[in-house]
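Engineer: Sequence:
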Amino acid sequence: MDNSTIAAISTPPGNGGIGIIKISGPKAIDIALTVFRPKFWRKNPENAYNKVPENAHCFKSRRLYYGHIVDTKNDRIIDEVLFVIMRAPYSYTTEDVVEIQSHAGILVLKSILTILIHNGAQLAEPGEFTRRAFLNGRIDLTQAEAVIDIINAKSGSAIDMAMAQISGALKKTIESLRSEIIDILSFIDASIDFPDDLDDTTVVSGLVKRIEENIIFQIKNLIRHYENENFLREGLKVVIVGGPNVGKSSLMNRLINRERSIVTDIPGTTRDFIEDSFITKGIPVIVTDTAGMHDNPDPVERIGIDKAWESISTSDIILFTVDAGKSVNPTEMALFEKFRNKKIIAVINKTDLPEEKISFNRPTEWGEVQYVEISALYNHGIDDLKDLIAKTAFESVSGMGQKIIPNLRQKNALEKAIASLTAAVAGLRQASLFELVSIDLKSALASLSEIVGDTVKPDILDNIFNRFCIGK
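Counting in the numbering used here, the final residue of the sequence shown is number 472, and the numbers go up one at a time with none missing.
Do not rely on the hints blindly, as some may be mistaken.
Quick list of in silico lysine-lysine cross-link-like pairs, PhoX-like style, CA-CA up to 20 Å [unchecked claim]:
id, residue 1, residue 2
1, LYS281, LYS391
2, LYS411, LYS442
3, LYS391, LYS220
Here are the computed distance ranges between Cβ atoms for each label pair [what the hints assert, rightly or not]:
id, residue 1, residue 2, range
4, LEU123, GLU373, 55 to 63 Å
5, GLU234, ASP462, 17 to 25 Å
6, TRP309, GLU234, 14 to 22 Å
To be clear, the hints were calculated from the coordinates, so they are not data collected in a lab.
Even for Gly, the Cβ is constructed at its ideal location relative to N, Cα and C.
Using the sequences plus the hints, can you model the full thing?
Structural biologist: Below, the structure written as structure tokens:
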């Protein structure tokens, strides 16, 4: 573990009422006291602002002190602040931690940070405070990842999910699964030395049942929660798809309630995808306006169409947009068939056209695909569409009391664990060598250990904590 003392600005850049500088490490208190002078300090005429308090223990842990930050080079006051010490191990990082609450002017904060670094602190790396909390054993890796989820939360549901992980819900589940595997593994390893213990097929059947019902079943449930409910964390990916000039860009602008996409009567205006977001029913929605899909596009449009397909492949819901004034043509039907296995909402636009000009007939090939009639021009039906988007998203969500939803890294580790467990089950059923079954079980155990961070490579840790801001 690094014995350095780190410091960083923990509040966002910009002007505001309060800005916070955090210091953590073995010299945090000593370094902080080189710049902090409490109000009571000047009551003694012998004390000058350039004199460091000699007894750090006179400052009680977890108590706010009012005073000033000074530049000791010229006895100049930088700012009036509140100052708090949190002594190890009762702090976020389990190290000595000091927080300085100053005014939030960027020049003031940088001045204080510069003095701290000059007096011996090092500038913290992104996520280094949380990384130290993890490495010092105060939190596991799932709880560390939940911190960034809270910071990036786009909805109340996302906060609920993150708080469930910070409280250790996923950790407890993983620990339970690991305990079950260890118990089975202990029996298997013992039986390598005493193979007669596994001669009874009922014993083998019992082990297979335990692996399938107590472990694999629970892991599959966790993966299913990710697949069905991860949009609550990351945002629901909605892609607007359709032929040229059916009103996709107008629809985009209405959904986000501002002019984001260029709208003209000229087909093919959108050559690249345009992305923005809105919230409906508490769901963060990331909506993408794509290039019009049609045959024989020019080279630039072709690139836009290729990007549209990339967006479609990763989407949660497709808004298949058609013109109410025209029948669905063969090109549109062929387009529909290419993604009909995904969640689709048919959006019938331009319903403001005079009735005698509307010749739209809903194709029977659409089957039970839900649809909504709108006029993007006059903002008719947009609220109904948003409600339908939310309803379609929540159709796959299990009871919201279940908040344990893995992230992508955790889901990948769970899938690796299932592959190893499935191999172990196959080995038991085929009467393979117990040594091979043991290897598969140990592999599954290692995959689960990656989730909580017991066995995780440094580059994976770097990837996780580099997503944090510097002050967290």
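Engineer: If you test the structure against every hint from before, which numbers come out violated?
Structural biologist: 3
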